[in-house]
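Engineer: The chain contents come next:
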Amino acid sequence: MHVSHCIRTLRGLPSGALEVDSFRMMVAYYSLSSLDLLSSLDTKVKADEKEDWKSWIWKQYIADEHIAGFRGSSFLTGPSASAKEPPHILMTYTALLSLAILRDDFCRLDRRRVLAFLERTQLPDGSFEPWPGSEEGGDIRIIYAALATCSMLNSWDGIDLDKAVAYVKACRVQDGSYGQTPHAEANGGATYCAVAALNLASHPLQGEERDRTVRWLVHRQRGGFQGRIEKEQDACYSFWCGAALTLLGCADFVDRDANAEFLMRCQFKLGGFAKAAGEFSDPLHTYLSMAALSIYPPSWGVPLTTIDPLLNARTETVAWIREKMN
Amino acid sequence: MEFLNPEPPYILFKDRPEWSDVTAVPQDDGPSPPLAPIMYNDKYKDATSYFRAIYVSQEHSQRVLDLTLEIIKQNASHYTVWQYRYRTLIALNSPLTEELHLLSKLLPTHLKSYQAWNHRRLLLLQLGKKSARSELAFAEIALAKDAKNYHTWVYREWLLCNFFAPMPFVTSTTISPTEGEEPTIEDLDDEGWVDDEVWREEVAFTDRMLEDDVRNNSVWHHRFFVLFEGPRARPSPELVQSEIDYTEHKIALAPNNASAWNYLRGLLSNSKTPLSTLLPFARPYTLPQSLQPSLRVFAEAEERELLPGENAQLPCVMALEFIADALGEKGEVEEANKLFDELVERDPIRKQFWEYRKRTLAQAPTAPVA
Numbered sequence: 008m009h010v011s012h013c014i015r016t017l018r019g020l021p022s023g024a025l026e027v028d029s030f031r032m033m034v035a036y037y038s039l040s041s042l043d044l045l046s047s048l049d050t051k052v053k054a055d056e057k058e059d060w061k062s063w064i065w066k067q068y069i070a071d072e073h074i075a076g077f078r079g080s081s082f083l084t085g086p087s088a089s090a091k092e093p094p095h096i097l098m099t100y101t102a103l104l105s106l107a108i109l110r111d112d113f114c115r116l117d118r119r120r121v122l123a124f125l126e127r128t129q130l131p132d133g134s135f136e137p138w139p140g141s142e143e144g145g146d147i148r149i150i151y152a153a154l155a156t157c158s159m160l161n162s163w164d165g166i167d168l169d170k171a172v173a174y175v176k177a178c179r180v181q182d183g184s185y186g187q188t189p190h191a192e193a194n195g196g197a198t199y200c201a202v203a204a205l206n207l208a209s210h211p212l213q214g215e216e217r218d219r220t221v222r223w224l225v226h227r228q229r230g231g232f233q234g235r236i237e238k239e240q241d242a243c244y245s246f247w248c249g250a251a252l253t254l255l256g257c258a259d260f261v262d263r264d265a266n267a268e269f270l271m272r273c274q275f276k277l278g279g280f281a282k283a284a285g286e287f288s289d290p291l292h293t294y295l296s297m298a299a300l301s302i303y304p305p306s307w308g309v310p311l312t313t314i315d316p317l318l319n320a321r322t323e324t325v326a327w328i329r330e331k332m333n
Numbered sequence: 014m015e016f017l018n019p020e021p022p023y024i025l026f027k028d029r030p031e032w033s034d035v036t037a038v039p040q041d042d043g044p045s046p047p048l049a050p051i052m053y054n055d056k057y058k059d060a061t062s063y064f065r066a067i068y069v070s071q072e073h074s075q076r077v078l079d080l081t082l083e084i085i086k087q088n089a090s091h092y093t094v095w096q097y098r099y100r101t102l103i104a105l106n107s108p109l110t111e112e113l114h115l116l117s118k119l120l121p122t123h124l125k126s127y128q129a130w131n132h133r134r135l136l137l138l139q140l141g142k143k144s145a146r147s148e149l150a151f152a153e154i155a156l157a158k159d160a161k162n163y164h165t166w167v168y169r170e171w172l173l174c175n176f177f178a179p180m181p182f183v184t185s186t187t188i189s190p191t192e193g194e195e196p197t198i199e200d201l202d203d204e205g206w207v208d209d210e211v212w213r214e215e216v217a218f219t220d221r222m223l224e225d226d227v228r229n230n231s232v233w234h235h236r237f238f239v240l241f242e243g244p245r246a247r248p249s250p251e252l253v254q255s256e257i258d259y260t261e262h263k264i265a266l267a268p269n270n271a272s273a274w275n276y277l278r279g280l281l282s283n284s285k286t287p288l289s290t291l292l293p294f295a296r297p298y299t300l301p302q303s304l305q306p307s308l309r310v311f312a313e314a315e316e317r318e319l320l321p322g323e324n325a326q327l328p329c330v331m332a333l334e335f336i337a338d339a340l341g342e343k344g345e346v347e348e349a350n351k352l353f354d355e356l357v358e359r360d361p362i363r364k365q366f367w368e369y370r371k372r373t374l375a376q377a378p379t380a381p382v383a
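Note that the protein sequences, when read in sequence, are chains W and Y.
Be aware that the first sequence starts at 8, since it is given in the numbering used here, and climbs by one per residue.
Be aware that the second sequence starts at 14, since it is given in the numbering used here, and climbs by one per residue.
It is possible that some hints are incorrect.
Here are the simulated lysine-lysine pairs, BS3-like style, with alpha carbons at most 25 Å apart [said to hold, decoys possible]:
id, chain 1, residue 1, chain 2, residue 2
1, W, Lys91, Y, Lys161
2, W, Lys176, Y, Lys285
3, Y, Lys161, W, Lys238
Here are the simulated distance ranges between beta carbons [to be verified]:
id, chain 1, residue 1, chain 2, residue 2, range
4, Y, Pro108, W, Gly256, 51 to 59 Å
5, W, Leu168, Y, Leu292, 38 to 46 Å
6, Y, Ala157, W, Lys91, 35 to 43 Å
7, Y, Asn175, W, Leu168, 40 to 48 Å
8, W, Leu130, Y, Ile103, 17 to 25 Å
9, W, Pro86, Y, Asp209, 57 to 65 Å
10, W, Leu277, Y, Val346, 49 to 57 Å
Just a few of them, taken from the derived set where beta-carbon distance is under 7 Å, the chain Y residues facing chain W [stated by the list, open to error]:
id, residue
11, Leu48
12, Met52
13, Ser70
14, Ala129
No lab work stands behind these hints, which were simulated from the structure alone.
A virtual CB, placed ideally from N, CA and C, is assigned to each residue, including glycine.
Chain W on its own, in the form it takes in the complex:
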């Protein structure tokens, strides 16, 4: 049921999904990665269709003489291309993962220009703006995506890593959690991005600092996980908090069965997972629920492959990227 739900999503979204118009690449990644974890891409999708999907992703690849990256969709594209369409960091990160899931060989990727794109978006405070000239400023999610992209490209040229790390540290709250921007309240998603970004930058949390972060994360489990202190549980935080704990070497602290029981209740009757029981499913919660179950399989087992919690894709998919970008 989850397999057909994900395939349906990849083939078409209802008109109610207008809000993801400029972020279709992310939606595609969630659904592709779900199918990857379910080991269904080879059995349930024909090779031709996968080729079509690959061509669509490459169609979102933007390269000029200086920079290259992926946009989220063709929302600005007319029949005669003349509009300036900048690449977007989150779309570039998810496009690279999606291409790896589809076992693309990355021959068309100009790694040097993708790095130049990241370099151009890094701001004086160390964060990255989502796309050049966005006037949006940066936050910790985009730092994570930028560093994950560098890691996939196997190069950090032009990136001021020390400044990026300093920005992440500025987002730290005294209780060991992280907010999306400096001074902001902590949440599980930002804390995952911080922990993962620090690992990617080879500055992993240690000692008492690490202990505090672990304590904050462990306390978010109620069954499933809540994203902030005294908030309701939400399926996506089973991944954000759970994956962060794994990256900190503390997977043992999670009560797997309690977590899985909560996620099972979030399943929607027509497929997919919702943020909570009784809500509609969506691609993000579907994927992150499965990713959490993959990291923390319950005692009764789940038919999911293993996942790399740092880049957030199936282990074999990450191995594929590492091999192709070596």
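For this one, chain W is given, so just place chain Y on it according to the hints.
Structural biologist: Chain Y only, in chain W's frame:
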């Protein structure tokens, strides 16, 4: 302005005479079947086709404002349209206070749109400090609709840092208000005194918010930011003590409130005060309700007024952990372990974590986790 009145029937842009000179540009999603295509409705397809046209011709005009507003109403996450609208406003030298009012009407239905809040931030950067104070009031109204909205809190903190904390703050040049003469915001615009008042009012604001919901962690976080971490924070031992008192009262009101316990730990950690300082306060919360009457008998003599209420669910797990950590900090490993054992029993979802705490305490009895 036409767009302020939603009543007249919607006319597609292709049927609007003022757009007849523009050739719409349909979306080209490629020759092969696309990934995650959206079944656009006619309204969106029509409006975005005209947007693609003006995006190429780089037209900045009043009709572009109408067009971008229509698209935003349908898709508030369309970041290119938001940015184009902003640039058009600037190019036309449009009255930005009107845009701010318009956005105030739109925002309540788009509180979770990052782009809508970013647009507001850009407007404020243009409008400057004179508009910032009423923005604090706007943020409070928005919070009345959704008291934990992340974007609203981030926006509020941004307003405070950006407009009410000019650097560097030099006390010697600060004008103190003279008796009977209330300075207006205008004539003291750049003076620290008015800024200080804004920050003081911020504390009162968190009081009000906590009256509504004592568990709202966004409020506790904001209070900590204002008093201890923000650009105008002036931490002092007296402030720490009065905040400890404040928090203890709030805990007495609702003992199983993780936000308040977290704030309390923050106060201690920030001022490098040992947890054990508050052992007398926390201890009663680790005892069952059946023992509370006898505690109350002695409360008066011991000047302890902050006992848990009669309806409180006790023992409180957060208090058990607090005492365990306090004892661990003092090196009283055996006593601390008893509490970790009780936590294993009363908070079994974190069983492995409590066992781990026990093990690490045995190895290094002075490792506190505040």
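Engineer: Against this structure, judge whether each hint is valid.
Structural biologist: Now the hints, each set against the structure:
About 37 Å separates the Cα atoms of lysine 91 (chain W) and lysine 161 (chain Y), which puts this hinted pair outside 25 Å; it is violated. At roughly 20 Å between alpha-carbon atoms, lysine 176 (chain W) and lysine 285 (chain Y) fall within 25 Å of each other, so this suggested pair holds. Simply put, lysine 161 (chain Y) and lysine 238 (chain W) have alpha-carbon atoms about 9 Å apart, close enough for the 25 Å limit, and the pair holds. Between proline 108 (chain Y) and glycine 256 (chain W) the C-beta distance comes to about 56 Å, which sits within the given range of 51 to 59 Å.
In this structure the supplied range 38 to 46 Å holds for leucine 168 (chain W) paired with leucine 292 (chain Y), their Cβ-Cβ distance being about 44 Å. Distance hint check: the CB atoms of alanine 157 (chain Y) and lysine 91 (chain W) are about 41 Å apart, consistent with the given range 35 to 43 Å. Evaluation of the 40 to 48 Å hint for asparagine 175 (chain Y) and leucine 168 (chain W) yields a failure: the beta carbon distance comes to about 28 Å. The hinted window of 17 to 25 Å between leucine 130 (chain W) and isoleucine 103 (chain Y) holds, with their beta carbons roughly 21 Å apart.
In this structure, proline 86 (chain W) and aspartate 209 (chain Y) meet the distance hint of 57 to 65 Å, their C-beta atoms being roughly 59 Å apart. Between leucine 277 (chain W) and valine 346 (chain Y) the C-beta distance comes to about 54 Å, which sits within the given range of 49 to 57 Å. A cut of 7 Å between beta carbons decides the hint on leucine 48 (chain Y): the least distance to chain W is about 4 Å, and the hint holds. Proximity of methionine 52 (chain Y) to chain W holds as hinted, the smallest CB-CB distance being about 5 Å (cut-off 7 Å).
The interface hint given for serine 70 (chain Y) is violated, since its Cβ lies 10 Å from the closest Cβ of chain W, which is over the 7 Å cut-off. A least Cβ separation of about 12 Å between alanine 129 (chain Y) and chain W goes past the 7 Å threshold, and the interface hint is therefore violated.
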